[in-house]
Amino acid sequence: MAKLIAGMGTSHVPGVGAAMDNGKTGEAYWQPLFEGFKPLREWHKNNVPDVNIVVFNDHATSYSLDNYSTFTIGVGDHFRPADEGWGRRQVPDVEGHPELAWHITESLMAEEFDMAVAASVDLDHGLTVPLSIAYDQPEKWPTAVIPLIVNVIQHPLPTAMRCYKLGQAIGRAIASFPEDISVGIWGTGGLSHQLGGERAGVVNPEFDKAFLDNLTQNPIANAEIPHTDFIREAGAEGIEMIMWNVMRGALNDDVKEIYRFYHIPVSATAYGAIILENS
Amino acid sequence: MTVRDYDDVPGTYVLDSRTYRKGYHLNMMLMSLNAADSRAKFAADEAGYLADYQLTDAQRDAVLERRYLDMLKLGANVYYAFKLVSHDRQPPQVMYGKMAQPEMSFEEFQQMMISGGRPIDGNRRIGETKGDGNNG
Chain A
4 MAKLIAGMGT SHVPGVGAAM DNGKTGEAYW QPLFEGFKPL REWHKNNVPD
54 VNIVVFNDHA TSYSLDNYST FTIGVGDHFR PADEGWGRRQ VPDVEGHPEL
104 AWHITESLMA EEFDMAVAAS VDLDHGLTVP LSIAYDQPEK WPTAVIPLIV
154 NVIQHPLPTA MRCYKLGQAI GRAIASFPED ISVGIWGTGG LSHQLGGERA
204 GVVNPEFDKA FLDNLTQNPI ANAEIPHTDF IREAGAEGIE MIMWNVMRGA
254 LNDDVKEIYR FYHIPVSATA YGAIILENS
Chain B
32 MTVRDYDDVP GTYVLDSRTY RKGYHLNMML MSLNAADSRA KFAADEAGYL
82 ADYQLTDAQR DAVLERRYLD MLKLGANVYY AFKLVSHDRQ PPQVMYGKMA
132 QPEMSFEEFQ QMMISGGRPI DGNRRIGETK GDGNNG
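As they're listed, the protein sequences go chains A and B. For our numbering, add 3 to where a residue sits in the first sequence, where the first one is 1. For our numbering, add 31 to where a residue sits in the second sequence, where the first one is 1.
If you are wondering where the hints come from, they were derived from the structure by calculation, not from laboratory data. Beta carbons are placed, not taken as given, at the ideal position from N, Cα and C, and that holds for glycine.
Okay, the calculated bits of chain B under chain A, using three or more residues with CB under 8 Å as the criterion:
| hint | stretch |
| --- | --- |
| 1 | 110 to 124 |
| 2 | 127 to 139 |
| 3 | 145 to 151 |
Capping the alpha-carbon separation at 25 Å, the derived lysine to any residue pairs in SDA-like fashion look like this:
| hint | chain 1 | residue 1 | chain 2 | residue 2 |
| --- | --- | --- | --- | --- |
| 4 | A | Lys168 | B | Asp47 |
| 5 | B | Lys53 | A | Asn70 |
| 6 | B | Lys53 | B | Gln132 |
What the simulated footprint calls covered on chain B by chain A, stretch by stretch (three residues with Cβ under 8 Å from a Cβ of chain A suffice, anywhere in the stretch; the number is not a length):
| hint | stretch |
| --- | --- |
| 7 | 42 to 52 |
| 8 | 55 to 69 |
Using the sequences provided together with the hints, build the complete structure.
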C-alpha cells in the first residue's frame, strides 16, 4: 500500500526562483534564506518519496477570471513550467503520476469532494519554486509530482476547514492506493504578506508563529480561522496559508516537527518552512 | 453593494465579486501579457494595444502611467498587475512601493521589509491607532 511519509510547508515567493535562476543566492540579501534551506535540503536528500503532491495556487497564469475552479488535480503525465510574464523558468519539466492522481480523484469524488481534473496545465512559481527550494538545481526532479491547485485568489475561496478536510480525504486516498509507493505532500504559499494596496508590506510574525505552532499540536485551530482573520492579520495574500491545511490534514493526527525556518523578508513576504513527519 | 466584513481592513483590495465585475477587462488585459507575442505588441504600441480591450478611460490612463494604486482602485488585482511590472522588467517592489501609502521608492520599500516589514499594529482596522489591535 502507498505510504505518506511526511509533509512540508513552504512559501513560494517567485523571487526565490529568480535568485536561483540568475545566480544571486550568494548575495547578502539572499544569504540568510539559502542558509536556512540547508537543513531542509539535507532532509529532502535523505527522504525522497516516489511522488510528491504539491498543493499550490496559480497566480493569473493558467487560470483567470474566465475560468476558475476551487480545487483542481493534475492527472497528466507531463507538465511544463509556465510563462507568467518573463518567460518560462529554465527548470526541469514535471513528471506527473496519473495512476495515483486518478485514484485520489476517484476517492475524493466518492467522499463528495468534487474535483476539477486537468491533464494539461502550465505550472507557475507556486509549484516550481517549492521544487527548487527542496531539490535545488537538478537536471531532473527526483520525484513524480501531482499538482493540486487551490483557488486562494478569486473570492469566494474554500474555507480553511474545507482545505483541512480535503487534506484528510487525500490522506485516506493515499492509504488505500494498492501499490507500494512512498508519498510526500507539500502545502505552499504564505506566510503573512500583503502585496497590494496602501498597506503593502504588512507582515505579522506573531500570527505566523501561532499558525506554525498549531500545525503540529492543534491543526483544528488553524482550520477554524475565518478568511477575514487571515486578511486582517496576515495580509490579503497571506490567506494562501489555508493551503498548508491541506498538507496537514493529510498527515496523521500525531506528527513530529523535524525542521522549522522563518525569515523576513523575501521580497514583501514573511518566509516560512516546516517539515512534519508522520509518527 | 454587499458589505463584507473585511471592508474595514485598511488599504486592502480583495478580488471578490465587486472587484471581479469592475476589473474584468482590465485584469484580462493584464493577464494577456503572459504571452510573449502580446508583450511584444504591447511594447510596440501600448495605447493601440489597450484599445482592443474594453477599458474605461481611467483604467487605460492608469495603465499607461503605471499608477498601480489607481489600477487597484479601478478593479485590478495585484497578481494581474504583476504582469505589467514584469513586462517593464522591474522588480515587484517597484510596484509595491507605488501602491504603498505614503508612496515609496524601490529602495525605501526594500528597506522597510529588511527592517521587519510594515507592522500589523495600527494596520488592522481603519481608524485603529497603534496598540488597539487584539492579537486573537
